[in-house]
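2 protein chains.
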Amino acid sequence: MPPYIHFNHEEFGSIVKKDYTFTFAGTVSEVHIQDEIPTLDTIFTDMGQKGPRPASLLICDENTLPIARKITGEDPGVPICTLQSGEEKKTWGSVEKILGAAKAVGLGRDGIFIAAGGGVISDLTAFAASIYMRGSRLCIVSTTLLGMVDAAVGGKTGFDLFGVKNFAGTFFPAAQIYLPVESLKTLPKNEWKSGMAELIKTAVLDRDEEFFRLLKSFKGDFPRGDKLIDCIARSVALKGRIVEADPKETGTERALLNLGHTFGHALESVAGLGRLSHGEAVAWGMARSCELGLALGITPKDRADAIISLLRSFAYETAAPHPLMETDAETFLKALGGDKKKKGGKLTFIVPAAQGGQLVSDTAEKPITEFLLKNLVNGGSSKIKNLTTNHTKNTN
Amino acid sequence: MPPYIHFNHEEFGSIVKKDYTFTFAGTVSEVHIQDEIPTLDTIFTDMGQKGPRPASLLICDENTLPIARKITGEDPGVPICTLQSGEEKKTWGSVEKILGAAKAVGLGRDGIFIAAGGGVISDLTAFAASIYMRGSRLCIVSTTLLGMVDAAVGGKTGFDLFGVKNFAGTFFPAAQIYLPVESLKTLPKNEWKSGMAELIKTAVLDRDEEFFRLLKSFKGDFPRGDKLIDCIARSVALKGRIVEADPKETGTERALLNLGHTFGHALESVAGLGRLSHGEAVAWGMARSCELGLALGITPKDRADAIISLLRSFAYETAAPHPLMETDAETFLKALGGDKKKKGGKLTFIVPAAQGGQLVSDTAEKPITEFLLKNLVNGGSSKIKNLTTNHTKNTN
Numbered sequence: 001m002p003p004y005i006h007f008n009h010e011e012f013g014s015i016v017k018k019d020y021t022f023t024f025a026g027t028v029s030e031v032h033i034q035d036e037i038p039t040l041d042t043i044f045t046d047m048g049q050k051g052p053r054p055a056s057l058l059i060c061d062e063n064t065l066p067i068a069r070k071i072t073g074e075d076p077g078v079p080i081c082t083l084q085s086g087e088e089k090k091t092w093g094s095v096e097k098i099l100g101a102a103k104a105v106g107l108g109r110d111g112i113f114i115a116a117g118g119g120v121i122s123d124l125t126a127f128a129a130s131i132y133m134r135g136s137r138l139c140i141v142s143t144t145l146l147g148m149v150d151a152a153v154g155g156k157t158g159f160d161l162f163g164v165k166n167f168a169g170t171f172f173p174a175a176q177i178y179l180p181v182e183s184l185k186t187l188p189k190n191e192w193k194s195g196m197a198e199l200i201k202t203a204v205l206d207r208d209e210e211f212f213r214l215l216k217s218f219k220g221d222f223p224r225g226d227k228l229i230d231c232i233a234r235s236v237a238l239k240g241r242i243v244e245a246d247p248k249e250t251g252t253e254r255a256l257l258n259l260g261h262t263f264g265h266a267l268e269s270v271a272g273l274g275r276l277s278h279g280e281a282v283a284w285g286m287a288r289s290c291e292l293g294l295a296l297g298i299t300p301k302d303r304a305d306a307i308i309s310l311l312r313s314f315a316y317e318t319a320a321p322h323p324l325m326e327t328d329a330e331t332f333l334k335a336l337g338g339d340k341k342k343k344g345g346k347l348t349f350i351v352p353a354a355q356g357g358q359l360v361s362d363t364a365e366k367p368i369t370e371f372l373l374k375n376l377v378n379g380g381s382s383k384i385k386n387l388t389t390n391h392t393k394n395t396n
Numbered sequence: 001m002p003p004y005i006h007f008n009h010e011e012f013g014s015i016v017k018k019d020y021t022f023t024f025a026g027t028v029s030e031v032h033i034q035d036e037i038p039t040l041d042t043i044f045t046d047m048g049q050k051g052p053r054p055a056s057l058l059i060c061d062e063n064t065l066p067i068a069r070k071i072t073g074e075d076p077g078v079p080i081c082t083l084q085s086g087e088e089k090k091t092w093g094s095v096e097k098i099l100g101a102a103k104a105v106g107l108g109r110d111g112i113f114i115a116a117g118g119g120v121i122s123d124l125t126a127f128a129a130s131i132y133m134r135g136s137r138l139c140i141v142s143t144t145l146l147g148m149v150d151a152a153v154g155g156k157t158g159f160d161l162f163g164v165k166n167f168a169g170t171f172f173p174a175a176q177i178y179l180p181v182e183s184l185k186t187l188p189k190n191e192w193k194s195g196m197a198e199l200i201k202t203a204v205l206d207r208d209e210e211f212f213r214l215l216k217s218f219k220g221d222f223p224r225g226d227k228l229i230d231c232i233a234r235s236v237a238l239k240g241r242i243v244e245a246d247p248k249e250t251g252t253e254r255a256l257l258n259l260g261h262t263f264g265h266a267l268e269s270v271a272g273l274g275r276l277s278h279g280e281a282v283a284w285g286m287a288r289s290c291e292l293g294l295a296l297g298i299t300p301k302d303r304a305d306a307i308i309s310l311l312r313s314f315a316y317e318t319a320a321p322h323p324l325m326e327t328d329a330e331t332f333l334k335a336l337g338g339d340k341k342k343k344g345g346k347l348t349f350i351v352p353a354a355q356g357g358q359l360v361s362d363t364a365e366k367p368i369t370e371f372l373l374k375n376l377v378n379g380g381s382s383k384i385k386n387l388t389t390n391h392t393k394n395t396n
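Same order as they appear, the protein sequences are chains A and B.
Mapping of the first sequence onto the working numbering: position 74 corresponds to residue 74, and the numbering continues sequentially without gaps.
Mapping of the second sequence onto the working numbering: position 38 corresponds to residue 38, and the numbering continues sequentially without gaps.
Calculated from the structure, these hints are not laboratory results.
Please note that a few of the clues may not be correct.
[Stated by the list, open to error] Once the Cα atoms are required to be at most 30 angstroms apart in a straight line, the calculated DSSO-like pairs of lysine-lysine come out as: (1) B:Lys-97 x A:Lys-89; (2) A:Lys-248 x A:Lys-97; (3) B:Lys-97 x A:Lys-334; (4) A:Lys-248 x A:Lys-334; (5) A:Lys-301 x A:Lys-366; (6) A:Lys-97 x B:Lys-97.
Isolated chain A, as found in the complex (with noise of 0.2 angstroms):
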């Protein structure tokens, strides 16, 4: 168990509470930044249900329960289901878990499903609530720093399927989300650490660099109090506006924010899932793609320097081939072809710009396979070096 962080409550008390209101496709999100976890009575109340409550849910994981419970209060009227934590429970078995448990408790089309927990559960709790009735009624209560700057704000659900990361998955933003920095304080360092890369690549896709500047003035240090909630809201304000110009990705706006994540996810698919986390991943894929973009002269030499030392002041590897990828040239690309942000059977990816960011095809004019194979991964130079000629073969 790694070790925890421990804050005073003060440092969470004065903090003023951040409310945000988007539309994703037509559906009204609300994201309330806040130091407390709410109670039942807030989020019904948020919810609009107004008279009788209807039969809703809870779903929590193993370390969340203590959260859960703070939600429930005394009040047994929303029982609890209590999943099994981490990665390599994202499963199909988890999702019918829920929908039983919602079957159960007698749950309607107007049922609320409540998700308390970080990305896993709030991903398995949207999708079953997205498909319980074709469509029940949802709020997130986000307890991690990464669930709360990735997974909780802009509708996507989804869970693992055939060793794929989300192969499987919805488009269904929560009406109501919380994310309440009361429930960091019992965060152990790694999810911290995961969180901290979400917030670094969105800070990277900003055109304005107050942000970028904001992390690196802590110089390696976890933001606390203010700053934290400063990081959070700045976070969820960018991601916020650009679900809503584009929030089924089918643009090229939400895309941008995969900027680390095709690599990333190629990385935890052949690490093998929960080996590392999702953050880590992410971090050693922005690496990745700044490489990529300077090779492709997008990103400049300054930008790829600034971002990667950033990068290395938390900690994360940077460095290719990773540790754990223990796994040859083809491997790895057929990790990164299963990638479900292929399109038209073309390889995309983000990279870092002057600003913000852009996506890039693998094409014959950008060969980027050719240029994975010569830098990503630590299969036998020989047989990289056929690779690379039969690919320029099939080019030519």
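Knowing the structure of chain A, use the given hints to seat chain B on it.
Here is chain B on its own, set in the frame of chain A:
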């Protein structure tokens, strides 16, 4: 194996193609009622695919494999995924098989899932397409009368879970829908009977009684040729209009299409999924709706008689209890309560009105549960009496 009804091809050859375009919650669905089974060229063109075709997948069952082969012709570019046939295969396992085949084929988000089959195949394929990479592209070639007039149009997808029909699902309208009557040439008689019940249901809901008179004029014979096309077109047109008005059944419009279904689904559940056809269950449910509507003073006596008489002319079982309903009062009521049409904890039903249909809820003023206990189940009379007494006590 039930006897096949054989048609001369001439009976289908002279038919005029009828096209409808609907917009369901922002998604355009084009419906083609036509003689011939479409080819891949037609499908890709109608799907707006210009240039190279993306990796795509055709899904069928053992019965519709010949139709699937007719669609692909000699083209090996679109692989066929063949499922076992039958309602009892409408499971997560089948969804996973489709998703696995799509992964093996390398389907991208721009790939097209093509369903070739009846309601089970189209519901499963549409669900898989809706969660594959959070929503891929979908085309349905409906090959049964029931599929054409029920599952193909309107965007409901799903599969059975925990013994409940369509327990999990999504709204995901197909972009292109083909209803080729050529595929009905080899349709077994029981499948005709299953589809006929949905045609009768739609005719009952149609405020213009011409459709109902048309069905009566068949005197129990299944329609063929132009009359068949006419029936399918009327059914599609009415259903399309209703779904356009209330795509996700959040209002009361779309709920009208559930006429006979709350009773029918409960019967299917207690009889054991797959033991009687959907149409037989819905027909029996419509007879129950007539009785309930009569008891509530909503359905005029002569209308109830006309509907039950039409059902009987097509040899549907209309008497309660149904021969396959080996259950007591409580079990049947529980099955009714498990149906996903429940709202706010209340059972709701559609009953025939003087014209069209009307939604009613179980309330103190309209003690539907009490009526059901008295009329629909074959438990011991003393037990039913006790339950009725309890119920009366509770509502006093």
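Hint numbers the structure violates, sorted upward? Of the numbered hints, all hold.
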